[in-house]
Amino acid sequence: MDLYLPIAGLSVNILVIIGLGGLVGLLSGMFGVGGGFLTTPLMIFYGIPPAVAVASSAPQITGASVSGVLAHASRDGVDYQMGAVLVAGGAIGSLMGGFLFRVLQDAGQIDTVVNVMYVVMLGGIGIAMAREASHALAAEWRGEPPRATGKRHHPLITMLPFRWRFYRSGLYISPLAPFLLGLATGVMTVLMGVGGGFILVPAMIYILGMSARVVVGTSLFQILFVTAATTMVHALTTRKVDLVLTALLLIGSVTGAQFGARFAMKIKPEYLRLALAFIVLVVAIRMLLGLTWRPPEIFTVEAL
Amino acid sequence: MRKLRLLLLAPLLVSAESPRLVPDVSQRKIEIIYSFTGAELLLFGAILYPGGRAPSDSAQIAVVVKGPAEPVLIRQKRKIAGMWVNADSADFRSVPSFYALASSRPIADIVDERTAVIYELGIENLQLSPASGGNPAEDRRFEKGLIDLKRRGGYYSETDRGVEISEGVLYRARIAIPARVPVGHYTAETFLIEKGRVIAAATRDIEIDKSGMEAFVTRASQRHSFLYGLAAVILSLGLGWAASVGFRRFRE
Numbered sequence: 001m002d003l004y005l006p007i008a009g010l011s012v013n014i015l016v017i018i019g020l021g022g023l024v025g026l027l028s029g030m031f032g033v034g035g036g037f038l039t040t041p042l043m044i045f046y047g048i049p050p051a052v053a054v055a056s057s058a059p060q061i062t063g064a065s066v067s068g069v070l071a072h073a074s075r076d077g078v079d080y081q082m083g084a085v086l087v088a089g090g091a092i093g094s095l096m097g098g099f100l101f102r103v104l105q106d107a108g109q110i111d112t113v114v115n116v117m118y119v120v121m122l123g124g125i126g127i128a129m130a131r132e133a134s135h136a137l138a139a140e141w142r143g144e145p146p147r148a149t150g151k152r153h154h155p156l157i158t159m160l161p162f163r164w165r166f167y168r169s170g171l172y173i174s175p176l177a178p179f180l181l182g183l184a185t186g187v188m189t190v191l192m193g194v195g196g197g198f199i200l201v202p203a204m205i206y207i208l209g210m211s212a213r214v215v216v217g218t219s220l221f222q223i224l225f226v227t228a229a230t231t232m233v234h235a236l237t238t239r240k241v242d243l244v245l246t247a248l249l250l251i252g253s254v255t256g257a258q259f260g261a262r263f264a265m266k267i268k269p270e271y272l273r274l275a276l277a278f279i280v281l282v283v284a285i286r287m288l289l290g291l292t293w294r295p296p297e298i299f300t301v302e303a304l
Numbered sequence: 001m002r003k004l005r006l007l008l009l010a011p012l013l014v015s016a017e018s019p020r021l022v023p024d025v026s027q028r029k030i031e032i033i034y035s036f037t038g039a040e041l042l043l044f045g046a047i048l049y050p051g052g053r054a055p056s057d058s059a060q061i062a063v064v065v066k067g068p069a070e071p072v073l074i075r076q077k078r079k080i081a082g083m084w085v086n087a088d089s090a091d092f093r094s095v096p097s098f099y100a101l102a103s104s105r106p107i108a109d110i111v112d113e114r115t116a117v118i119y120e121l122g123i124e125n126l127q128l129s130p131a132s133g134g135n136p137a138e139d140r141r142f143e144k145g146l147i148d149l150k151r152r153g154g155y156y157s158e159t160d161r162g163v164e165i166s167e168g169v170l171y172r173a174r175i176a177i178p179a180r181v182p183v184g185h186y187t188a189e190t191f192l193i194e195k196g197r198v199i200a201a202a203t204r205d206i207e208i209d210k211s212g213m214e215a216f217v218t219r220a221s222q223r224h225s226f227l228y229g230l231a232a233v234i235l236s237l238g239l240g241w242a243a244s245v246g247f248r249r250f251r252e
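First to last, the sequence lines map onto chains A and B.
Residue 80 in the working numbering sits at position 80 of the first sequence, with consecutive numbering throughout.
Residue 121 in the working numbering sits at position 121 of the second sequence, with consecutive numbering throughout.
Next comes chain A alone, as it looks inside the complex (with noise of 0.2 Å):
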């Protein structure tokens, strides 16, 4: 079954998007995250052009944030005053990122920029969680009550000015700090093509200390914002969103959502951050032997 994506300019199997819309879905759902680490490489490495697939994921981790959002607002797991702190860091981060995503495509260095800040922040988080979550296993089987995390915050936080409380997340802090991390995952989300669910997941806990309770919930509307303005951004800048690309990616990734969440209740949460962790990891190794061993292709086209 093939059908012409009018943006990308080529035909695609419709069964291949739509598993491949389904397969992040089902992470997105059991992780929590939107997926599009794993989506924007996935369709580059079928073929389609990089600056359509960074493009067309912006609305796809859209689309299978909602269902997250709804889930948590339904049960008070959204701060939306930190998450409008955060949206509003993120809309201008899609500004500035959009601006930089010209200067380094004018200069050819985006696919190369693009590539190393996947490698760096994959790798890093990747390494992170395995080892977080191993050690909670480990823990476990000896038989030792779960460590205590220490709740409080960065202490570089606490020097920023002009606290705010941010009464769901339990916090006491200065807006500044979420505002920074929301420029932060902004641009990358312009960059990247990912939601940035899993940097601002980690850094709500461990820089900003928000209470566990609120803290995906607010990183999914955060996402959804961004995204969705990141989605306007492209629009009106690369116009390289395919809409019937982005359509059977949404219809693959809602419903894999769904059986993701349903499937990760099943499952411990440790486990769930061991196995994220293994994917993320086998991504940045992918993507660190694509920039050392010799590419397929030494030229390429660019037209002007």
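Bear in mind the hints are in silico, worked out from the structure with no lab data behind them.
Computed from a predicted structure; not experimentally measured.
For glycine and all other residues, C-beta sits at the position ideal for the given N, C-alpha and C.
Derived contacts from chain B toward chain A, CB cut-off under 8 Å, selection only:
1) 36
2) 72
3) 146
4) 180
5) 225
6) 235
Assemble the complex: chain A is given as a structure, and chain B must be docked to it using the hints.
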């Protein structure tokens, strides 16, 4: 005396008697719709020999389908500090987006080098107009890289013996148009070649365009970018919401 008169008249006679081509293509317009996976063009026609002259056995046919030319930037990766990074680049002002040549015999055997260059017969003879003004060796290197890329992508091709000539007067050739070709104005040129030279040529135009929903989506993304982006956002929100509501119903 008679010999001399013949000799003087010879150029006139040749031009008056040079054969003509009557070419046609199976499709003047190729429409890209949702199920487009490529097309096959049939180029066919007749060689007319005026005055009932017997068709020549040595006449050969070459057909060329060319896509719209565009300026491109080509970059070359190089290993810097252990990583493969885009290092050098070159501009070319007119690179045909598509080029397919089919001939009744290998093109190098039927035309001389000068003719091949003049009529751009053969991928190696395309005039890509390097714009960098750098040294020719470097331009040549980028040109080779570009051609190699286009060839493997299916955009450039050469088919020896891809043209069938029957009875010396009718010819036909099939040229495959892959699904990834860019839209625009294409030309199908037919050349009649004898003794290494082109003695007749004719051109037909082909339009390749997106139609139906594909054309609508492309136009919308270009002309109404804001509404298009909004549509993408609403689509994603709507599908995400529908799935979550649908599955909740299903569970209950």
